[in-house]
Each structure stands twice: as structure tokens, then as C-alpha cells.
Amino acid sequence: MRSVAIVGASLAGVHAAEGLRDRGFEGDITLIDREASLPYDKPPLSKNALLDGSVDEELPLRPQSWYDERGIVLRLGHEVVGLDTSARTLHLGGGELTYEGLVLATGSAARALPVPCGEPSRIHRLRTLEDARRLRAELVPGRHLVVVGAGFIGLEVAATARRLGVDVTVVETAATPLNRVFGPEVGGWIRQVHERNGVDVRCAVALQEISVHRDGFTLRFAEGPTLSADVVVGGVGAAPQTGWLEGSGIAVANGVRCASDLSAGVPGVVAAGDIAHWHNALFGEDMRVEHWTNAVEQGRHAAGTLLGEREDHLSVPYFWTDQHDAKIRFVGRADAADDVVIEEPKPDALVALYGRNGVLRGAVCVRTPRRLAEYREAIRNRTPWEEVAGQFAGAGLTASTREPGSGQAVQEV
Amino acid sequence: MGYRMVFDRAKCQGYANCIIEAPEIWDFDEDEDIAVLHQEHPAEELRAKADASARGCPAHAITVEDVP
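As given, the protein sequences belong to chains W and X, one line each in that order.
Going by numbering that gives the first Met the number 0, the first sequence opens with residue 0, and the numbers climb by one from there.
Going by numbering that gives the first Met the number 0, the second sequence opens with residue 0, and the numbers climb by one from there.
To be clear, the hints were calculated from the coordinates, so they are not data collected in a lab.
Take these hints with a grain of salt, some might be off.
[Claimed, not checked] According to the in silico footprint, chain X covers these stretches of chain W (three or more CB under 8 Å from chain X): (1) 282–295; (2) 315–327; (3) 372–384.
[Claimed, not checked] In the DSS-like style, the derived pairs of lysine-lysine whose C-alpha atoms are separated by at most 25 Å in a straight line are: (4) 326/W with 10/X; (5) 48/X with 326/W; (6) 48/X with 345/W; (7) 41/W with 10/X.
Positions of the beta carbon are idealized from the N, C-alpha and C atoms, including for glycine.
I would like the entire structure built from these sequences, with the hints used as guidance.
Structure, rendered in C-alpha cells:
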């Protein structure tokens, strides 16, 4: 193989490039992205960088010299508009690029709010450095921010905005924050963290419309009073950016359909990061994971597959989210759990375990990272639920067994 | 040729990704909310985990140095 094109100069894309060079690949590598900035790191955009204003600077993952030293060509500010897999050619806004190997790493984009909102461009979302800069400029003390959607990004923005002196209300259709990801028990605990820090959390409310006026916004709900806001952030999840693959012969269904080694069903093409919907043989399930560590691991693994290694990508997903002073870390999967146990081992700390079909499947740990490391190994080893739950004891223990099949809806993250 | 772990404690932000990736090499101080390097010179068979812990640190606080 003499040339590899990587579409998406994302975390996954950069790690794919690094993975190719680390394996001794000496051909051309071209990283292409529609954004003009050097590839940057996204987690700080809703946390520290939004808080301290460093979003106004560059947040590069690697300096320019890193790419130069490795002979990795950056084509930034170039939109890829189409792909011809039989001619192995990418169509860019102003030209073409042929490749022998191709890595699909275009990530995901914020979903639009599913209600009428007058001028959608005035509703903030948070996905890119530019989004974070625009939002930062509006987070002025004393203003009222309404965050629509109590998912990870919405809750992180809510926490950061409080620290900047902004009044914050979060509105959510589900019964608790992060209900779909963690279930109602942990979701309720996270709600209390926000309320203790002065966030007005309103769950089980159905937003119907946002009207825009000169000085701000009015949000109307199916029931109850309206809310007025100076700033509105939409945090209703993300969708994989696969529109440009239409007609290319790449199978797309909730992301790029990949085999267990991340190959994308067409010779010479692999996918990595948020857009890869692959078969994770460790869980025996198809999944798509929108988190930082997954992008790093998959970028690297996809590089190996492209070079002929063809190994299964076996992964226990891991991620973190920082909200106020709660550092929430999670391994595995919490969706569709039959069994849940929760312990509060010390003040402001939490451990929750999730089981399904008699096997440990996921763990949430707040302020207890050492136990998180143990549970990741236990999940990887498919440890029986009875064994893990049997050792589980401590203050504030609650346990619940759910009716099989009554767990949360399918988790996308 | 061996290797050694280099930990820039000032950069650590308490993500704990390192102990997730390589619990043999890393420990964590939960009161101070900071990683603790448990093994500066891990065994050769831990090299892949050592590299993964460096790659997995969002704060870029970890490097793995080759030593002759």
C-alpha cells in the first residue's frame, strides 16, 4: 500500500495516522478535514477551556511539527463531498484525491432541536472550537441560560456556566438526567449534584416551541409555565456524519457498518471513532461509541486492519464526564441492565454496577477510580454477576432487579 | 533496550485513564485526586499497556522513554 487518506482530522483520524507510522508504514498519509484549525481535543470545550477562556486560543492535539516530522500531510479547510470506492477517489470541494487505503473518521455532529425554534442559528450547540468560542462570549454572569437536554454535554455546559456566575436551568424529557445511559437510580443522584450546585433541573417536561425575540427566548412546554432565557444551548445528542458516503457503496445504518476488525465492507476502507458501528465480540453486540478513548483505540486499531492485521477490535468502552466537583467515570455498558446495585462509599462518591444475563456489564464510579480499574478487568473477563454483587457491600447500598427487557432503551453512546 | 515511565505530575488532572489502562503500573490517590506512578521501570511484557496509558492520558502528562 502506497497511500492512505484519512477523512476527518479528528482524534480517531490523528491516532490512525500515528498507528500507521508506528507500524512502519512509509507511504503517503493525507489527513483531510473541513475545519481549518489544526486537529484539536474536544473534551475541554465544555469544561476547562470553556471555563478559563482558553477556547479563544488553539487547543492542538499535536503541534504542526509533529505532522511534519512524520510526513503526514494536512489538508485542512477542505470539505470531502463524495467518494468513489471503485476508482478509490475522494471528491473534494476543489479537486480529487486518489488513495489505496481509506480511513473514515468524520465523527458526529450535534442534532438539531426537534421543535420549532424561530431562528435555529441563535440556538447554541457545542461540538467544535468555533461553537465553544461563540458560547463562551455569551456566558456572562447574571444571565439566564437554558440547556435543552440533560445529556453529557448539556450537563457539563450547565456546570461550567454555574461556575461562570450564570443562572442555569436544564430541561429534559426523560425522568432524570442521563436516564437512558445510566438508568433512573444514578440519574437521580446526578440530578442532586446539579441541584446542590444551584442548577434548576426540570425533568419529564415536553418542550414544544422556542420563540425568539430581540432580547432573548421564550420556551413553551406541553404543561406548566413558560421559561424565558437569554441564552439557549441545545444538547440533544449527536448523529454520525455519514451523509457524504451516500451512493458510495459503503453500508450506513446508525454509522458505518463495520466488521469486528473495523473494516467497512469495501476493500481498502476502514472506519474509526464516533461513526464506526462495529461488532464488539467481547459483548457479542453491535455498538457505536461516541467517546474519547474509543476514538484513540479505534483509530489505532483501524490502522492495523488497513495494513492487513485483521484482528477483532475487542473493547470495554470507557469514558468520563466532569460535572461540578463530581468526576464521573464509566466502563462497559449500562443499557438494558437486569440488575443494578448502588453504593455510596464516602460523601459525594458513588459506585454503581450493572449486570445482564448473569454477567457484570458496566460500572459507574464517582471519586473511586481504583475500583473502576478493577471493574474494567472484571467486565473484560465476563465475571458472573453473583460473584461481583456478592462482594459488594457498604453504606447506602440499594439494589434493584428489573424485569428482563424493561431496562432502558437502546443506548447509542 | 528497556523503557521507563515519565510522569509530569503538574500536568495530571486526575482523569484516571492511566490506572484504567495499566493498573499494574499506575495507582491513584483518591484524596488528592491525582495519579501515582507505581512502577517507573515496568517489565517488558507490560510495554503495550505502558504505551496505552501514555496515549490514553488526555492531559499529556505521561511519556514512555526508551532507555538503552
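Now for the hints, and whether the structure bears them out:
1. 282–295: Coverage by chain X holds for the segment 282–295 of chain W (3 residues, Cβ < 8 Å).
2. 315–327: holds (count 3)
3. 372–384: holds (count 4)
4. 326/W with 10/X: holds (17 Å)
5. 48/X with 326/W: holds (24 Å)
6. 48/X with 345/W: Given that 25 Å is the threshold and the Cα spacing comes to 30 Å, the pair is violated.
7. 41/W with 10/X: holds (18 Å)
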